[in-house]
Each structure stands twice: as structure tokens, then as C-alpha cells.
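Chains as they are written, first to last, in the numbering used here: chain A, 354 to 687; chain B, 282 to 826; chain C, 26 to 257.
Check each hint, because a few of them may be wrong.
Below are the SDA-like pairs computed for lysine to any residue, each with C-alpha atoms no more than 20 Å apart in a straight line [to be verified]: (1) K708(B) <-> M773(B); (2) K821(B) <-> I407(A); (3) K398(A) <-> S595(B); (4) K311(B) <-> P175(C); (5) K804(B) <-> L43(C); (6) K633(A) <-> L43(C); (7) K708(B) <-> I407(A); (8) K778(B) <-> L43(C); (9) K398(A) <-> K804(B); (10) K821(B) <-> T378(A); (11) K804(B) <-> D48(C); (12) K416(A) <-> F625(B); (13) K398(A) <-> T621(B); (14) K485(A) <-> S595(B); (15) K416(A) <-> D632(B); (16) K821(B) <-> E406(A).
Source of the hints: derived by calculation from the structure; they are not laboratory data.
One letter stands for each residue in the lines below.
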Amino acid sequence: MQLPLFPEAASAIASSVDYLYFYLTAVTIVMTALIFAVVFFFALKYRRRSEHEIPPPIHGSLKLEIAWSVLPFLVMLTFFWWGAQIFFANASPPPDAMDIYAVGKQWMWKIQYPEGQREINELHVPVNRPIKVTLASEDVIHSFFIPAFRVKHDVVPGRYDIMWFTPTKPGRYHLFCAEYCGTEHSGMVGWVTVMTENDYENWLAGGGSEGTMAQQGERLFGQLGCATCHQLDQQGRGPILRGVYGSRVQLQNGQAVLADDAFIRESILNPNAKVLAGYKADVMPTFQGQITEEQLLQLIVYVKSLAIQGAPPVSEQSGAAATPNQTPTTGEKK
Amino acid sequence: MSTVLQDPRAVETPNYLNQEYGWKSWLFTKDHKRIAVLYIISITAMFFIGGIFASLIRVELLTPQGDLVNSDTYNKFFTMHGIVMVFFFLIPSIPATLGNFFVPMMIGAKDLAFPRINLLSWYIYIAGAAFALAAVVLGGVDTGWTFYTPFSSTYSNTFVITAAVGVFIAGFSSILTGLNFIVTVHKMRAPGMTWGRLPLFVWANYATSLIQVLGTPVVAITLALVGLERAFHIGIFDPAIGGDPILFQHMFWFYSHPAVYIMILPGMGVISELVTCYSRKGIFGYPFVAGSSLGIAIIGFLVWGHHMFVTGMSMYASLYFSLLSFLVAVPSAIKVFNWTATMFRGSISFDTPMLYAFGFIGLFTIGGLTGLFLATLGVDVHVTDTYFVVAHFHYVMVGGMVLAYLGGMHYWWPKISGRLYPEGWAKFACLLVFAGFNLTFFPQFILGYLGQPRRYHAYAPEFQVLNVMSTAGASILGLGYIIPLIYFLWSMKYGPKAGNNPWRATGLEWQTSSPPPTFNFEKTPIVTEEAYSYHTQNQKETHGG
Amino acid sequence: MADAHGTVAEHAEHSPHLRHHFDDMAQQFDSATLGMWVFLLTEIMFFGGMFGAYTVYRGMYPEAFASTSQFMNPFYGALNTAVLIVSSLTMALAVRASRLGEQKMLQLFLILTMIFGLAFLVIKGFEYHEHWVDMKVPIIGGHWNYSEFPQFARQAQIMFCFYFFMTGFHALHMVVRLGLMTTIFVMAKRGTFSSSYFTPVEISGLYWHFVDIVWIFLFPLLYLIGRTKKLI
Numbered sequence: 354m355q356l357p358l359f360p361e362a363a364s365a366i367a368s369s370v371d372y373l374y375f376y377l378t379a380v381t382i383v384m385t386a387l388i389f390a391v392v393f394f395f396a397l398k399y400r401r402r403s404e405h406e407i408p409p410p411i412h413g414s415l416k417l418e419i420a421w422s423v424l425p426f427l428v429m430l431t432f433f434w435w436g437a438q439i440f441f442a443n444a445s446p447p448p449d450a451m452d453i454y455a456v457g458k459q460w461m462w463k464i465q466y467p468e469g470q471r472e473i474n475e476l477h478v479p480v481n482r483p484i485k486v487t488l489a490s491e492d493v494i495h496s497f498f499i500p501a502f503r504v505k506h507d508v509v510p511g512r513y514d515i516m517w518f519t520p521t522k523p524g525r526y527h528l529f530c531a532e533y534c535g536t537e538h539s540g541m542v543g544w545v546t547v548m549t550e551n552d553y554e555n556w557l558a559g560g561g562s563e564g565t566m567a568q569q570g571e572r573l574f575g576q577l578g579c580a581t582c583h584q585l586d587q588q589g590r591g592p593i594l595r596g597v598y599g600s601r602v603q604l605q606n607g608q609a610v611l612a613d614d615a616f617i618r619e620s621i622l623n624p625n626a627k628v629l630a631g632y633k634a635d636v637m638p639t640f641q642g643q644i645t646e647e648q649l650l651q652l653i654v655y656v657k658s659l660a661i662q663g664a665p666p667v668s669e670q671s672g673a674a675a676t677p678n679q680t681p682t683t684g685e686k687k
Numbered sequence: 282m283s284t285v286l287q288d289p290r291a292v293e294t295p296n297y298l299n300q301e302y303g304w305k306s307w308l309f310t311k312d313h314k315r316i317a318v319l320y321i322i323s324i325t326a327m328f329f330i331g332g333i334f335a336s337l338i339r340v341e342l343l344t345p346q347g348d349l350v351n352s353d354t355y356n357k358f359f360t361m362h363g364i365v366m367v368f369f370f371l372i373p374s375i376p377a378t379l380g381n382f383f384v385p386m387m388i389g390a391k392d393l394a395f396p397r398i399n400l401l402s403w404y405i406y407i408a409g410a411a412f413a414l415a416a417v418v419l420g421g422v423d424t425g426w427t428f429y430t431p432f433s434s435t436y437s438n439t440f441v442i443t444a445a446v447g448v449f450i451a452g453f454s455s456i457l458t459g460l461n462f463i464v465t466v467h468k469m470r471a472p473g474m475t476w477g478r479l480p481l482f483v484w485a486n487y488a489t490s491l492i493q494v495l496g497t498p499v500v501a502i503t504l505a506l507v508g509l510e511r512a513f514h515i516g517i518f519d520p521a522i523g524g525d526p527i528l529f530q531h532m533f534w535f536y537s538h539p540a541v542y543i544m545i546l547p548g549m550g551v552i553s554e555l556v557t558c559y560s561r562k563g564i565f566g567y568p569f570v571a572g573s574s575l576g577i578a579i580i581g582f583l584v585w586g587h588h589m590f591v592t593g594m595s596m597y598a599s600l601y602f603s604l605l606s607f608l609v610a611v612p613s614a615i616k617v618f619n620w621t622a623t624m625f626r627g628s629i630s631f632d633t634p635m636l637y638a639f640g641f642i643g644l645f646t647i648g649g650l651t652g653l654f655l656a657t658l659g660v661d662v663h664v665t666d667t668y669f670v671v672a673h674f675h676y677v678m679v680g681g682m683v684l685a686y687l688g689g690m691h692y693w694w695p696k697i698s699g700r701l702y703p704e705g706w707a708k709f710a711c712l713l714v715f716a717g718f719n720l721t722f723f724p725q726f727i728l729g730y731l732g733q734p735r736r737y738h739a740y741a742p743e744f745q746v747l748n749v750m751s752t753a754g755a756s757i758l759g760l761g762y763i764i765p766l767i768y769f770l771w772s773m774k775y776g777p778k779a780g781n782n783p784w785r786a787t788g789l790e791w792q793t794s795s796p797p798p799t800f801n802f803e804k805t806p807i808v809t810e811e812a813y814s815y816h817t818q819n820q821k822e823t824h825g826g
Numbered sequence: 026m027a028d029a030h031g032t033v034a035e036h037a038e039h040s041p042h043l044r045h046h047f048d049d050m051a052q053q054f055d056s057a058t059l060g061m062w063v064f065l066l067t068e069i070m071f072f073g074g075m076f077g078a079y080t081v082y083r084g085m086y087p088e089a090f091a092s093t094s095q096f097m098n099p100f101y102g103a104l105n106t107a108v109l110i111v112s113s114l115t116m117a118l119a120v121r122a123s124r125l126g127e128q129k130m131l132q133l134f135l136i137l138t139m140i141f142g143l144a145f146l147v148i149k150g151f152e153y154h155e156h157w158v159d160m161k162v163p164i165i166g167g168h169w170n171y172s173e174f175p176q177f178a179r180q181a182q183i184m185f186c187f188y189f190f191m192t193g194f195h196a197l198h199m200v201v202r203l204g205l206m207t208t209i210f211v212m213a214k215r216g217t218f219s220s221s222y223f224t225p226v227e228i229s230g231l232y233w234h235f236v237d238i239v240w241i242f243l244f245p246l247l248y249l250i251g252r253t254k255k256l257i
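Here chain A stands alone, though its shape is the one from the complex (with noise of 0.2 Å):
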């Protein structure tokens, strides 16, 4: 008979999360313990034992009031300390981190990896090192989970989520999808596996068929016509790509805005939102419709690899619209 009472931790952050879980729990055994033995010893102690008893009649306490109001709080204060230590550092992937990309679609989790590997419903991880996930959904709101390592997010359709762990342990790890999204939702589980630096090479190597997903990402940009307007190296119809990623670009409105992974989705989605300064509106196509979440990554990855040597190094803030930012330091609109 299987009776686990607590989860694997396989995660750096897994075990402050559960440091503090068992904080919280020790007291909340100590209040509950402290509330059902007050009130058990007082119904004991003052029973009824005659109908005339007469209890005193004593109308409070200031000070009793206070001291119970305040001292439960400041240690309250102390969980909120703790808990937004833990969730600031969730925030904030390290800038070398690896990317994966996982597009959640009722009701499978499709994983690519800049190498090209795609796999459904399994994500597998060198152990020790930062991961970063990128996640898109196709359709309805999803999130990732992983308990082993304690993180999860939302995967909100119209934008991108990213999600970001460091694996401490080899293993194989429960992957579920948390957010209810219709008929197969308790389906659309799958398998995390952590392996040994050496294993995670060996796997990679068997590489994906169709080759990385920069290289997919340019097959796709040929198919779909992208280079009759937008030329490598010299000026086209369409703005030179080249260097664009992770820079700050001009638009028509005086706006200035940062191409990351946001803004080239939305480029390519609805082009006439942000039309760069010198260009017309109403000339690029929009694809939206044509082009799935996981080949707007191949597309973006793409994009990525024409960095010029010695660009700045990506950073994370976002400068489409629709996104709302994945950091704290662009500030929010809700």
C-alpha cells in the first residue's frame, strides 16, 4: 500500500519552500493545539453545575485585544518575508539559463528544445543547471506544474509566461497540468526526467529530425514568404532583421520598445500594432490563423540567432502591448 505523505524535493528551491511550509505548519499545530486545549479546559473547568450559577460579568480587555491583534500579525509578517523572498527569486531566471519552450494545447504539453527535439508530455533536464521555460498556450489557460521542484505557472493564451528551476536530483518527476481546461484536463499530465550532465549530452545528441529550431524556424520563414519583404543584410520592403532581437526599435509613434519574444509574436500576428518608424502600415500580412504557437517559436528562435557578433546579451523586459511583463522592473498595468 502506497502512502506517501510528502513529495520528493528535487529542485534548488524545493527545500526553502518546504522549510517554510513546515514553519507555517508548526504554527498552525501550536495555534490549533493552543485554541482546542484552551477551550477544552475552560469547558471543562466552568461546566454548568447548577442552573443558578452566576458567571462574573467581564466585558474585555483592551490590552488583551491588542496584544491578540498585533502579535499573530507580526508573526504573519515573518510568512509574508519568507514567502516573497521565495517568490522574487522565482521571478528571476538567471541570465544563462537554458531555454525550453513548452506550448500547452488542449489536452498535451509539446516541448521544443533549441536544439530540436520536440516531445510531447516529457521534458528532460540536465540536473544542477537553470532551466528556463518559456510558455505559450494554443487555446485555453493552462499551467505547468512540477511538484518535485515546486514551481508552477499559468500558460494564458495571447502571450507568453516564462517559468524558471534549477533540478538538484536525477529522477523521473510528475508533470501536471494545473489549471482546469476541459474534458482531458487530468490527461494532460507527463514526465519530467533529471538527468546526469553526460546522459542529458548523449540524449541530445540523437537530435531532433528536423534539425534545431533555428534551423526549422528559417525553413519556416522561406515557406511562408517572410523573405520576400524582410532581407538578412540589406533593406527590403520590410525592416532587416539582423541585430533586431533584444534591441530597442523605433516605432512610428516616437515610441521606443524592446524586441524580445513578445513583440516579434506580436509583429507577426498583428503587424499593424507596432509599425517601426519609416514604414507604412497595412503592408505585412498578418499570419494569425496560419501559424501555430510552436512554429512562432521556431520563427522567434530564428530571429534570435541573427544577433550581430557581440550584440548585448538579451534581457528580459517586454515591450509588446498585449504582454504584460514576466519581471518585476517593467511595472504592470494590473
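Guided by the hints, dock chains B and C onto chain A, whose structure is given.
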């Protein structure tokens, strides 16, 4: 003189039950007490319907595979369990039943401010329930009671609009009840019944009414927008045109978080009445208990984002919502401490209502403290959308609110029906409810931390033992609910007659006959004492005053 | 046996309109007015939800939303605003007439108020028709063409959804209040009201004014803001 087996009509004084007979006198009544009884009947019916869905869920979850019903059906089960229980049981229950019956009496009024609107409120509730049940009968709805977009607005193939209309209509019932209570408490207090002398049950219902009036319209418009988006195939939550599905969540939770305070505040009001009566002592810290009801109502409107920590909300918004969620726990804690302090040096009896009060204090403490786990950002990321949340809210809703409801029903049953319930059976049922409840929901905390997500039809095999324990508990809990239904009905004909004040409680409602006369009071009472003046009452009794 | 009112002699003294759960007419009037104010509070929250959501999207897509002002007809909007303001005036005069017990004036002002209310709906109908002709009604079978500002074509649909939903709910409230006024008018014609009992007129007046105030917010928000903003 034995009155147990005599025809109750033969020797009874005129009261609201026997004043008039016939279905018209009930369906067209303006008497708040009869309307309360109408609500008791319909809310009990909806509770058992919601309970049937819960039983189906728990039976399916005995095995890891989804083998009892198919996925779509299971998804409809948990959706309809949620919709029926939240909107047709928890939200209306205590205000529309015990509140309707006793708020006017407790303040010395002859009725609520707007008796016809009170009746209308019940009819609107029935209409809303009809739509919700129609959705069930036509084929069900499978969006979850939370109706998240874009699944509800675009992808679901079930009777979403029908269900949303039912909830929308029921919302008006809630608004009108709240409106009625607010005006009644402001304008119809008897002479001498100052705000500072109001029973805490009245304060609790007043604070609840404020939430009902301010929050419900927001969920109404939110669901209306979802319905319109489904009907017109375009709307403001559609990501394809730049809409934001998360905006739905903000709007939905702006109501639905305060809604949980609509559910629990009246229950807390009941507990204040029970603890004072069965300790025969005034409440410790009256201004704090009364003020904490208002505090919970106000702060409760400021914390909705704690349902959305993993949606990609900004860091700063998350910090703010986390901090305020801790703050809202403080007034609840104040109540628990004050109830406990009330028992100090009291004269405590163990009648069934007091047992339910004990149960409430213990289980609400656990439920409330586990809420702190969810307010803690780092832990919430792991446990949100898992069974931990399910366990938390059932601890506060069932372990809290339902126990308070049962306690209140037992306490006031002699006044409502004029009969006493059988104490032995009542204590037994209370024990079953307490034991069954804990066995059902405690394992779910463990399941949640292990990682079992919510709303899962099939689950990982290693979770089975805990699920089986939970289902076993549910069967005990169900039995604990059915037994009171039976003996309450039994007592209406065969129960011993209750006198005016079988519990020797203070409070204007106990100054009338059991059941009370239609106009509540022969003459408008004049109030000269604080609430819960047990000390004076005890002295009078002892010295023959 | 004395009933709830006391002796028979006392019973004869109070107004026939006094409901028996109230102590006196003053309490009844106060309760009715407070009740209507609380109800208006719920209406504020109802419309407030839509205004809130609109504000969020306006913040997200300021230019797309500004562009839509060009397709609103400010003439119709201003005319409607004037119509509603005048109807509020006649309503206030009706309430005044009822307080003074002036039956004929009361009926006259009620009729005028209803005429203005109806006029609003008729003008709105013309406006909706214009939007239909312009292909700006995305909610009916994609009846939508935004070639004037193609870069905003997607988000402008959100705005027009709001336009139709908000003005639609407002129009629904207009219809309800017309029904309410009809009832009040019928009661007035029967001579129900006098200087000692005019509560229904007073609280219906409150409701009438509220629906007008909602329009006073809708008009600038949907028609005026961003009209003259230079768009690329």
C-alpha cells in the same frame, strides 16, 4: 398535562404557523418568518442536490482511473457541485433563513423594512435555481464554478449561458436580501436598541449585507459579459482580438472573494449567540467582535488577487495582495480569541448547539490558518490549484459555515417550530459530522502538497489511499447530515413542545412565544439593557425577580 | 383582544398608505428612500464593473480606443445628453408637484419626462443604425470593417463590444424606468398621491436621475475623449 401526542392545533396560541393555512397563505405571505421557512425548505433541497454531486465525485475518486463516468460527466459533476453549493446554498443560507427570521425580532421590529421585496427575493432565488437545475437537466455545464475564460466564453460545449443566467438571477436575490437588512437595521430598531446594543448576529448580518450589496453586481456584470461573448461569438476576453482572459479573473474574484465572507460572517454571528448563551455570559470584547465583522467586510474587498498569484500578475500586485490577505486574517482571529475568552469563568453547558460551536471554533481555526499558507507567496506557487486549496476552503465553508448553520438551526429550532429536537440523536449526528468531516478533508491537505491538482478525474496511483480515506469520511459526513433532516421533520409532529425560552437566553426573540405570533411583539419592546446581559438575567432568576 | 395596531380608535388615525410593520409614515418614507439609495449603489457597482474593464483596456490600447471616437456621432450624443438633462428637469418638477399635491402638474410632468425618455431611445436607434451601415457592429455576425485605421482593427473591436454592451445595458435601464414611470403615471391619474404620500414618485425620481447620470459618464467616455487626438 401531556402535550406530546395531542393535535398541535388544539391548544396552541395563535402564532405565525397556525395563523392561516393553505398554500396561498404561504406562497403570497409577507411575513418574514414564513419567508424564512420557505427559504429553509428550498435551501435544504439545493444542499442535498449539491451533496449528491459531491457523493458522485467522491465515489469516482475511489480509484485512480476515471472509470465510473467519462471525463465530460465528471467535469460537470464538480462544476455543478460548486455552482449549487456556492450560489444556491452557501451565499443565501444563514442570511435568508436564520437572518430573515431573527434579525427583525432581535431588533424589536415587526418585520423587515420591505416584506414584499423579501418575498420577491425568494421567488427570484427559485427562478435562479430553476435555471441552474435546467442547465443540469439539459446536459450540464463543465466550466468549473469559476467560469474561467476563454474556456467558458469560447471553448466549452455545455450549457454555460443557462447556468450563468441562473447565477445572475440568484445574485439579485442576494442583493435584495442585503438591501432589506441594511434598511431594516438602520431604520427599524426598537426604542433603546442602539447600535451598541445590537446582538452580534445582527452586526454580522449587517456587515454581510454590505458585501452583498457592493460585490454581487460585479459578478453579475462579469457573467453577463461572458454570456454575451458566447452569444455573439466576440467579446472583451478574447485573446484573438487583444482581449485579456486574466481580466475576467480580476473581475470574477473581485466579487468571489468577498463572497466567501458573505458565507462565513453570518456563521460567525451565530457562534457569538451560541457561545454567550451556553456560557451564560456576555461576550468578551463586544466592540471588537462587532467591529471585526465590519473590518472583514472592508478588507475582504481588497484581497482578491491572492487567487491569481501564478497567473503572471505583477510582482508588486502580488506583494500587495499577499500582505493584505494576512491583514484580513487578523479580525477573524480576534473573533476566535474573544469567543474563547467568553467561556472563561462561564457556566458552560454541552447542548448540541454548543457542541457545534466548539466544532466551529476548532475547524475554522484550522481552515483559517491554512489560508495563511495560501497567502504566503512562495508556498502558494506550489499548492495553488491543488487539493490543498480544496481542503482549505472546505474547512472554512463546511467545518465553519455549515457547522454554524447546523448549530444555529438547533439553537433556534424551538423558536421556529415550537418543538424540541431529540438531544441524544442530535449529539450523535454532531459527532458524525465532526468525525466524518475531518476524515474527508484532512487527507486532502496532504494530497495537495503531494501535488494532486484540483478538478482531476483521474489521478496518479500513489494518491489512492488518501483519496479512499477521503471518500470514507464523506459517507460518514453524509449520514451526519441526513440524521438531523429526519429528526427535525419528526419533531414537528412528535417533538415535545418548547416553552418561550428553553435555553434561558437573552435576546428579544426569546421574549415571545414559541413559535412567535405573526406580528412578533404584542407591543413594541423598549430596550434598556446591553446585549447578552446574562448577569442581570441570572440575578433576576436567582432572586425571583 | 388588542391587535398589533392597538385599539380600534387608534387604527383610524393613520394614513391608509401606512404599511403596518412601520411605526409611522416618516419611518416608512425614510426606509423607502434609504432602500432606493442602496439599490442605486448596487447599480453603480454594476455599471462600475463595465467602466472598470473599459478603463483597463483603454490603458492597454490608448490609440485604438481613441480612434473609435471618430465613428461616434457627437451630434446624436449631444442631443441625447440634452434630452436626458431636460427629462431630469421635468422629473424633478414632477416630484415637486407631487410634494405640493398638484395633481395636474404632476401628470403633465410625468408625461413630458416619459416623452423625453422615449426620444432618447429613438435617437439611440438612429445611432445604432448608422453604426450598422458603417460596418461597425462586430457583435452581429462580424459586421465589421475598420479599413480607416487598419492598425487598430483588432483592438477597436473590443472597444465597440464595450460600446454596444454599455449603451445596451443603459438602454435596458431606460426601458425599465419608462415602465416604472408608466406605473407611477397610472397611480397619479388615480389620485393616489398627495402631499402626505408621494414616496413612490420620490424614489422613482431617484432612479430616473441615476440612469441619467450613467449617461453623463458614458457620453464623454465613449464619444468625446480622444476625438481630436491626432492619429498616425
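Hint check:
{"no.": "1", "hint": "K708(B) <-> M773(B)", "in the structure": "holds (19 Å)"}
{"no.": "2", "hint": "K821(B) <-> I407(A)", "in the structure": "holds (10 Å)"}
{"no.": "3", "hint": "K398(A) <-> S595(B)", "in the structure": "violated (52 Å)"}
{"no.": "4", "hint": "K311(B) <-> P175(C)", "in the structure": "violated (60 Å)"}
{"no.": "5", "hint": "K804(B) <-> L43(C)", "in the structure": "holds (18 Å)"}
{"no.": "6", "hint": "K633(A) <-> L43(C)", "in the structure": "violated (73 Å)"}
{"no.": "7", "hint": "K708(B) <-> I407(A)", "in the structure": "violated (26 Å)"}
{"no.": "8", "hint": "K778(B) <-> L43(C)", "in the structure": "violated (36 Å)"}
{"no.": "9", "hint": "K398(A) <-> K804(B)", "in the structure": "violated (42 Å)"}
{"no.": "10", "hint": "K821(B) <-> T378(A)", "in the structure": "violated (48 Å)"}
{"no.": "11", "hint": "K804(B) <-> D48(C)", "in the structure": "holds (11 Å)"}
{"no.": "12", "hint": "K416(A) <-> F625(B)", "in the structure": "holds (17 Å)"}
{"no.": "13", "hint": "K398(A) <-> T621(B)", "in the structure": "holds (13 Å)"}
{"no.": "14", "hint": "K485(A) <-> S595(B)", "in the structure": "holds (18 Å)"}
{"no.": "15", "hint": "K416(A) <-> D632(B)", "in the structure": "violated (32 Å)"}
{"no.": "16", "hint": "K821(B) <-> E406(A)", "in the structure": "holds (12 Å)"}
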